[in-house]
Amino acid sequence: MPGEAKNGMQCAEFDALLNEALDGDASLSGPKLEAFQAHARVCAVCGPLLAEADAGRRWLKSLTEAEPPANLVHSILLATTGQESKRFAAHARAESSWMDKIWVDKIAWLRPLFAPVVAVSRQPRFAMSFGMAFFSLSISLSLG
Amino acid sequence: MEDAQVVAMLVRRCIAGDVVAWEEIVQRYNRRIYNICYRFAGSGDDAQDLTQEVFVKMFRTLSSYDVERGAFMTWVTTITRNLLVDHFRKTKQDRLTDSLDAAPSEHEDAMPLSDRIEDKAPSADTGVQSRETRDLVHRGLQKLSPELREAVILRDLQDMDYRDIATVLKVPEGTVKSRINRGRAELARLLQRTYRQVI
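Going down the list, the sequences are from chains X and Y. At position 23 of the first sequence (counting the first as 1) the number is 23 in my numbering, and the numbers step up by one without a gap. Each number in my numbering corresponds to the 1-based position in the second sequence with 144 added.
Each hint should be verified, as a subset may be incorrect.
[Stated by the list, open to error] Simulated pairs of lysine-lysine, DSS-like, Cα-Cα distance not exceeding 27 Å:
1. Y:Lys314 <-> Y:Lys236
2. Y:Lys234 <-> Y:Lys287
3. Y:Lys314 <-> X:Lys61
4. Y:Lys234 <-> Y:Lys314
5. X:Lys61 <-> Y:Lys287
6. Y:Lys287 <-> Y:Lys314
Derived from the structure by calculation, the hints contain no laboratory data.
Please put together the full structure from these sequences, using the hints given.
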């Protein structure tokens, strides 16, 4: 029965020592440990509690660390600073398109001249306008 | 330089507006926070959203962190825990109340978990590491009350000491220990009851 003294130890005292016992705490040793173990053997409440708590701890320890999504850091930085991750940006640069690579590496000397035009043409609304103009022109030429 | 000093310096640089320092903090703590959120909330999507919310809150309140009052990790974990409690309260009505058997994960085949577990005859002693078993324990964890769940997550999954857990949960150390033991025992009973010879 809970609260009863068994083998010189009260259930409340046993309960207080449960964590130390499961942690393998060195402070629980000698006569104290023997009394704890003896109480676990004879108490119908504390014995099963020790076994269950130990089993639960082992089950929890069997869980491995979950892998966060690859874009988590990137999303956090965008949500907080509005900027991309430096590492993410470096990775993105490494995987940039052939057009970007030519623009950056091969014809860099032309950049000051054409940069404003390229910047404007890359905006979605202008890109769409250019596309529509090209499409109209090609239709007109093919009909002509 | 000790880790605490490194973190204190990172925090000071962040407060001064150094974005690179902030990214370093995010890189250091995102995995830990994600895991606390994942084990508490149960789903990867929720964990991702909650982790992002934690960092947004951290970013806004970083200047309130006082190095003298405790470890940065404890401060971060407290923010995470408070946000998880808020999330739990908000979603209380929406939560499913299905049994463990009714929520198989995408990684499981058609055979009921209980059968598979019984066939493999795992025990807590042998510590079977199969994915199915981990799914089972993860789902069992979701069935614990939030008070017990947060206590065992911080102790058994995050390896925090009792004093730090007491600070995070704002309860005495004795209460922390009691919740951890009750949480462990309840999880074991739950798994045992649901799957007969699991333990």
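Outcome of the hint check:
Using a Cα cut-off of 27 Å, the hinted pair Y:Lys314 and Y:Lys236 holds, with the two alpha carbons roughly 22 Å apart. In summary, the hint linking Y:Lys234 to Y:Lys287 is supported, as the alpha carbons are separated by about 17 Å, within the 27 Å threshold. The hinted pair formed by Y:Lys314 and X:Lys61 meets the criterion: a straight-line CA distance of about 25 Å does not exceed 27 Å. Annotation: proposed proximity of Y:Lys234 to Y:Lys314 holds, straight-line Cα distance about 21 Å (limit 27 Å).
Taking the CA atoms of X:Lys61 and Y:Lys287, the gap is about 17 Å. The hint holds against a cut of 27 Å. For the given pair, Y:Lys287 sits about 23 Å from Y:Lys314 by alpha-carbon distance, which is consistent with the 27 Å threshold.
Hint violations for this structure: none, all hints satisfied.
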